[in-house]
Amino acid sequence: MFRLPAGRQAYCCTKRLKAPDAKRRYSVSGEGIIGLEIRCLAALIKSIVDLGMEYRELSTMKTSDGVIHKADLVVTDKNGKAIAFEKTAKGDYKVITDCSGLSSAQVKDQQNIIKKIRQRYSYNVVIDQLKKQGYVIAQEEKVKNNTIRLVARKWS
Amino acid sequence: MAAKQEIELFISDDGQLKVHIKGMKGPGCLKVIESITKEVGILQEKQLSSEYYEQPGTTVANESKLKKK
Chain A
1 MFRLPAGRQA YCCTKRLKAP DAKRRYSVSG EGIIGLEIRC LAALIKSIVD LGMEYRELST
61 MKTSDGVIHK ADLVVTDKNG KAIAFEKTAK GDYKVITDCS GLSSAQVKDQ QNIIKKIRQR
121 YSYNVVIDQL KKQGYVIAQE EKVKNNTIRL VARKWS
Chain B
1 MAAKQEIELF ISDDGQLKVH IKGMKGPGCL KVIESITKEV GILQEKQLSS EYYEQPGTTV
61 ANESKLKKK
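First to last, the sequence lines map onto chains A and B.
Counting from 1, one number per residue, gives the positions in the first sequence under the numbering used here.
Counting from 1, one number per residue, gives the positions in the second sequence under the numbering used here.
Bound conformation, chain A alone:
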């Protein structure tokens, strides 16, 4: 079951009536946690470009197990190792990397690049979707753990 963070109980209906500072707080009518799936190649390319990285499309990548992957998109990390995005039968893009011969620091570098791409992709898709729905981005900031906080508003 989804648990509210500490201190958020005051937002629920019954306690909101009792809370002395309830008027100063906003109420949350719904919350959701969404796991990312990369589905849009154009948004993926935009995210890679936003991060100042170079890419090549429709390439192949051979991993150390001998498998040749048909990659839709390949970026290269600073150690010269490829990070490939391959379309699955389901329609989303999975990440393929080959960690053989890499030190733990190099593996971490690679993971950090993948994280940055995923976060930027999520950001771009969300901003695009919110704007399509008529929302304006009122606040944007980096909070702890490199998390991006956005506040979008509209009047209806």
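Hint data in this document are derived by calculation from the structure and do not stem from the laboratory.
Nothing here was measured: the structure is a model prediction, and the numbers come from that model.
In this text, a Cβ means the ideal position worked out from N, Cα and C, and glycines have one as well.
One or more hints might be untrue.
[What the hints assert, rightly or not] Which residues of chain A face chain B? A few of them, derived with a C-beta cut under 10 angstroms, are:
1) G32
2) L36
3) A43
4) N79
5) V143
6) T147
7) K154
8) S156
For this one, chain A is given, so just place chain B on it according to the hints.
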């Protein structure tokens, strides 16, 4: 009167999204979460507060009555 709808989003360092919908009564809030999910990925968890089950405008009407008293 126009009502303010606000969405607070947290995008974690690996792209996972946390969405908080504020000030939206009725099923509209679920629709917003679903429309974002459709583009971004898979809805893993959701929680709807009592506001979800309220009809839009209900509280405004009640508040007006209270003010008159």
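Comparing the hints with the structure gives:
1. G32: With a closest approach of 4 angstroms, the A/G32 hint holds.
2. L36: It holds, given that the least Cβ distance between A/L36 and chain B is near 4 angstroms, below 10 angstroms.
3. A43: Holds, about 9 angstroms.
4. N79: 20 angstroms, violated
5. V143: 7 angstroms, holds
6. T147: Holds - the Cβ of A/T147 comes within 10 angstroms of chain B, reaching about 5 angstroms at its closest.
7. K154: 5 angstroms, holds
8. S156: 6 angstroms, holds
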